[in-house]
Amino acid sequence: MSELPTALLQELREVLLNSGRADLIQKLEEATAPDLLTSTQAADLLGVSSPTTVKNWLMGGHFPGAFQTAGGHWRFPRSEVEQMRLRMVEEAERNGRGDLSLPDEEDEGEVPLL
574 MSELPTALLQ ELREVLLNSG RADLIQKLEE ATAPDLLTST QAADLLGVSS PTTVKNWLMG
634 GHFPGAFQTA GGHWRFPRSE VEQMRLRMVE EAERNGRGDL SLPDEEDEGE VPLL
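Converting from the sequence shown to my numbering requires adding 573 to each position, the first position being numbered 1.
In short, the hints are calculated from the structure, not lab data. Even for Gly, the Cβ is constructed at its ideal location relative to N, Cα and C. Heads up, a few of these hints could be off.
Unchecked claim - Label-pair distances were calculated between CB atoms; the ranges are:
1) ASN591 / ARG667: 15 to 23 Å
2) GLU666 / ASP596: 40 to 48 Å
3) SER674 / THR613: 16 to 24 Å
4) ALA665 / LEU597: 54 to 62 Å
5) GLU666 / VAL588: 38 to 46 Å
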């Protein structure tokens, strides 16, 4: 399956859910699964010990493409988790250099506190 934009996938899920087609939601999730991560997989990729940390970041506004499955489980777009991981690595490197300058306005709030 070619990659669909996250917003389109979310809209498809909502339409299918509203039309009572949970069977098709499951097929859609299976077809896009390689690009989606569970909260545990996201936590592992980010190097945090708990999926709850990832869910807290989600509630804080990170991972805008994340969604709940028909069964209530969260799925996170791999690309968003990878972007967060890269920002965390960059921030750790900056901190390791002793760079204590204030973040740029556009960067502020990008990396959640651990």
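Verification of the hints:
The given range of 15 to 23 Å is broken by ASN591 and ARG667, whose C-beta atoms sit roughly 45 Å from each other. Remark: the range hint 40 to 48 Å for GLU666 to ASP596 is upheld by a beta-carbon distance near 47 Å. A hinted range of 16 to 24 Å is violated for the C-beta pair SER674 and THR613, which are about 35 Å apart. The given range of 54 to 62 Å is broken by ALA665 and LEU597, whose C-beta atoms sit roughly 42 Å from each other.
For GLU666 and VAL588, the Cβ-Cβ distance of about 43 Å falls inside the hinted range of 38 to 46 Å, so the restraint holds.
Hints 1, 3, 4 from the earlier list are contradicted by this structure; the remaining hints agree with it.
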